[in-house]
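Participant: One letter stands for each residue in the lines below.
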Amino acid sequence: MQDRKVTASALAEAFYAKIQKDDPQIGAYLILSGERALEQAGRIDQLATRGETLPPLGGVPIGIKDVLSTRGVRTTAGSKILGNYVPSYDCTAVSRLEAAGAILLGKLNCDEFAMGSSNENSAWHPVRNPRDPTRVPGGSSGGSAAAVAADLAVATLGSDTGGSIRQPASFCGVVGLMPTYGRVSRYGLVAFASSLDHIGPLTKTVKDAAIVLRTIAGRDPMDSTSADLPVPDYVAELQKPVQGLKIGVAKEYLGEGLDPEVRNAVEAAIQKLEKLGCKIVEISLPHTKYAIPTYYIIATAEASSNLARFDGVRYGYRARDARTLSEMYRRTRDEGFGAEVKRRIMLGTYALSAGYYDAYYLKAQKVRTLITRDFEQAFNKVDAIVTPTCPTPAFKLGEKAGDPLAMYLADIYTVTADLAGIPGISVPCGQTRDKLPVGLQILGRHFDEATILRVAHAYEQAATPSA
Amino acid sequence: MKVTAKDVSYVADLANLELNEEERQRMVRDLNSILDYIDLLNELDTSSVQPMAQVSDQYAVDQLEQHSHRFAYAMREDIKEGLRKSLPHDVALQNTPESDGTFFKVPKVIER
Chain A
0 MQDRKVTASA
10 LAEAFYAKIQ
20 KDDPQIGAYL
30 ILSGERALEQ
40 AGRIDQLATR
50 GETLPPLGGV
60 PIGIKDVLST
70 RGVRTTAGSK
80 ILGNYVPSYD
90 CTAVSRLEAA
100 GAILLGKLNC
110 DEFAMGSSNE
120 NSAWHPVRNP
130 RDPTRVPGGS
140 SGGSAAAVAA
150 DLAVATLGSD
160 TGGSIRQPAS
170 FCGVVGLMPT
180 YGRVSRYGLV
190 AFASSLDHIG
200 PLTKTVKDAA
210 IVLRTIAGRD
220 PMDSTSADLP
230 VPDYVAELQK
240 PVQGLKIGVA
250 KEYLGEGLDP
260 EVRNAVEAAI
270 QKLEKLGCKI
280 VEISLPHTKY
290 AIPTYYIIAT
300 AEASSNLARF
310 DGVRYGYRAR
320 DARTLSEMYR
330 RTRDEGFGAE
340 VKRRIMLGTY
350 ALSAGYYDAY
360 YLKAQKVRTL
370 ITRDFEQAFN
380 KVDAIVTPTC
390 PTPAFKLGEK
400 AGDPLAMYLA
410 DIYTVTADLA
420 GIPGISVPCG
430 QTRDKLPVGL
440 QILGRHFDEA
450 TILRVAHAYE
460 QAATPSA
Chain B
0 MKVTAKDVSY
10 VADLANLELN
20 EEERQRMVRD
30 LNSILDYIDL
40 LNELDTSSVQ
50 PMAQVSDQYA
60 VDQLEQHSHR
70 FAYAMREDIK
80 EGLRKSLPHD
90 VALQNTPESD
100 GTFFKVPKVI
110 ER
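Here the protein sequences line up with chains A and B, keeping their order.
Residue 0 is where the first sequence starts when you use numbering that gives the first Met the number 0, and the numbers rise one by one after that.
Residue 0 is where the second sequence starts when you use numbering that gives the first Met the number 0, and the numbers rise one by one after that.
In short, the hints are calculated from the structure, not lab data.
Please note that the accuracy of each hint is not assured.
To be verified - Now the stretches of chain A that chain B is said to cover, found in silico as 3 or more residues with beta-carbon under 8 angstroms:
#1 62 to 71
#2 165 to 171
#3 285 to 298
#4 330 to 338
#5 368 to 377
Said to hold, decoys possible - Pairwise CB distance ranges (calculated):
#6 A:Q45 to B:V90: 51 to 61 angstroms
#7 B:I78 to A:Q242: 47 to 57 angstroms
#8 A:Q376 to B:V90: 49 to 59 angstroms
#9 B:Y9 to A:N83: 26 to 36 angstroms
#10 B:S8 to A:E255: 36 to 46 angstroms
#11 A:A462 to B:S8: 15 to 25 angstroms
#12 B:V108 to A:Q376: 47 to 57 angstroms
#13 B:S46 to A:R73: 47 to 57 angstroms
#14 B:V108 to A:G256: 19 to 29 angstroms
#15 B:S85 to A:R432: 26 to 36 angstroms
#16 A:K17 to B:K5: 52 to 62 angstroms
To be verified - If you only want the chain A side, here are some residues facing chain B, beta carbon under 8 angstroms, derived:
#17 P220
#18 Q238
#19 R342
#20 K362
#21 L404
Yeah, the Cβ is synthetic: ideal placement off N, Cα and C, and Gly gets one too.
This is chain A alone, in the form it adopts within the complex:
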């Protein structure tokens, strides 16, 4: 592009043509932002024409999950209640990508308010897994993973509260990175559970994930939970050797409920890391089995509070012809929210209600401490931990839709990192006999994305047959 062999405008048009052709079968995009994309592409092309150096992501076509606010472009969070909502400001992560020259193609489908593990809770339409259209892409960032897998964007942003970046990355065979809590500003993210929400990239390669993270990470005065820490050059860090790194393998992540084919793929990946010179250390994370119940109390409690703002007054959907204010609130929320969102609001409200607060919410907060301590103790012994990202490969559409608990268990290996606030990445590690992708999860210390990216990159290079 710098040499003017291809223009940013032509590249964006080519991606839109591919979206027109392929996306009807997948359903990854909800809203296309063509005007904004072509304006930005025009700016990049002008720079190239003038012979100026292009910014690092100049002309790179991206998509973002529809929970990220975009000025002048509809942002629905996959919900009817925000069906016509047009934000008046941009999410910081998106502004930073555009400032680096990226071109925003559009907004990607997701489970309503990022609540789900299959993308079937989108109020608009489900997403199909590009690797097998009878199967789900995972969730809640299902559109973000499917778009990368189907080459409908070079990179995308998703959000992860209980596994919503890593689990769909695993199901679709792409790379998904959840940074440390506080590493990336969440200004402009539609809030689900504020102590657990993260924004991060989904990409084809680990290097691309490092490039996106380098662009979006760092302190933002608009988000008081963003950490005031220098951002390493994650791309340069990839070149450091992995020899001698201590990699933990936790037996709690390889036990009951793990699909045998997933186990084989992950064990083969662990052997590969050992061949690369990593030292494999057996560790224990004894409170792992308590993570799902802990998560579903904390996440729903926070969601019940965050979603109280949707009342039909200032923005979004409003029920018609209500006679009183109270009736308007109730009917707006009844008609605007889907079944899973209502279920979580109810569970969270129950857990916070008088008489149950100590038994559920306070208890869960204490177990969260224990889960975090497990990781702290483990990271005294090892530099990173590898696990399967998910217990199974992608399941069929409709397979778990009637059973909320079965759906929640799809996140069993990913929720722990959200609770502890540590970073995690899912990198493809082979496939099953049915050609379904399997994901390897690598977890690291707080603010040590560099190490997990480095291990993921070394594994990816070793696993990819050289061209």
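Let chain A serve as the given structure and place chain B on it in line with the hints.
Facilitator: Chain B in isolation, oriented as in the chain A frame:
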């Protein structure tokens, strides 16, 4: 059974949800099944464990100085103007379902 139809009505009331009869029945079933699973937490004695509300809490609790400084969250001087200018009136009102041009309009709150 932990949650009864009466509890569902009470909680729906707190959450400003109405829920139709079918949704209420489904909610009783789903909440009980999830809460039964959540009972797993009662296996653990947490009487001497500090609760963790935020990721940064853990560090304060364990007083690991080398880590806690990393979570120096966002204290800043007050800024009179705010970090960003207030939205103009028309922009602030652009998403409301009903307004009179100056205020958000809602159905009557108090009956006369």
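Participant: If a hint holds in the structure, say so; if it doesn't, say that too.
Facilitator: Status of the hints after comparison with the structure:
Counting residues of the region 62 to 71 of chain A whose CB falls under 8 angstroms from any CB of chain B gives 0; the rule of at least 3 is not met. Chain B is given as covering the region 165 to 171 of chain A, and this is violated because 0 residues of the stretch bring a CB closer than 8 angstroms to a CB of that chain, at least three being needed. Interface restraint, the region 285 to 298 of chain A with chain B: holds (8 residues with C-beta to C-beta distance below 8 angstroms; minimum three). Check on the region 330 to 338 of chain A: 5 of its residues sit with their Cβ under 8 angstroms from a Cβ of chain B, so the three-residue criterion for coverage holds.
Coverage of a stretch by a chain is defined here by at least three residues with a beta carbon nearer than 8 angstroms to that chain's beta carbons; for the region 368 to 377 of chain A and chain B the count is 5, and the condition holds. Take Q45 of chain A and V90 of chain B: their Cβ atoms lie about 29 angstroms apart, and the range 51 to 61 angstroms is violated. Checked against the given bound of 47 to 57 angstroms, the beta carbons of I78 of chain B and Q242 of chain A, roughly 49 angstroms apart, stay inside it. Between Q376 of chain A and V90 of chain B the beta carbon distance is about 51 angstroms. The supplied range of 49 to 59 angstroms therefore holds.
Look at Y9 of chain B against N83 of chain A: about 33 angstroms separates their beta carbons, and that is inside 26 to 36 angstroms. Roughly 38 angstroms separates the CB atoms of S8 of chain B and E255 of chain A, a value that falls within the hinted 36 to 46 angstroms. Separated by about 55 angstroms at the C-beta atoms, A462 of chain A and S8 of chain B break the suggested range of 15 to 25 angstroms. The given range of 47 to 57 angstroms is respected by V108 of chain B and Q376 of chain A, whose C-beta atoms sit roughly 54 angstroms from each other.
The hint said 47 to 57 angstroms for the Cβ distance between S46 of chain B and R73 of chain A, and at roughly 50 angstroms that hint holds. In this structure, V108 of chain B and G256 of chain A break the distance hint of 19 to 29 angstroms, their C-beta atoms being roughly 52 angstroms apart. Our hint of 26 to 36 angstroms for S85 of chain B and R432 of chain A is violated, since their Cβ atoms are close to 59 angstroms apart. Our hint of 52 to 62 angstroms for K17 of chain A and K5 of chain B holds, since their Cβ atoms are close to 55 angstroms apart.
The beta carbon of P220 of chain A is positioned within 8 angstroms of a beta carbon in chain B (closest approach about 6 angstroms), and the interface hint is therefore held. Look at Q238 of chain A: its Cβ only gets to about 25 angstroms from chain B, farther than 8 angstroms, so that hint breaks. Contact between R342 of chain A and chain B, as hinted, is supported at the beta carbon level, the nearest pair being about 6 angstroms apart and thus within 8 angstroms. Hint status for K362 of chain A relative to chain B: holds, with the closest Cβ pair at about 5 angstroms, below 8 angstroms.
At about 6 angstroms, the closest approach between the beta carbon of L404 of chain A and any beta carbon in chain B falls short of 8 angstroms, and the interface hint on this residue holds.
Of the numbered hints listed earlier, those contradicted by the structure are 1, 2, 6, 11, 14, 15, 18.
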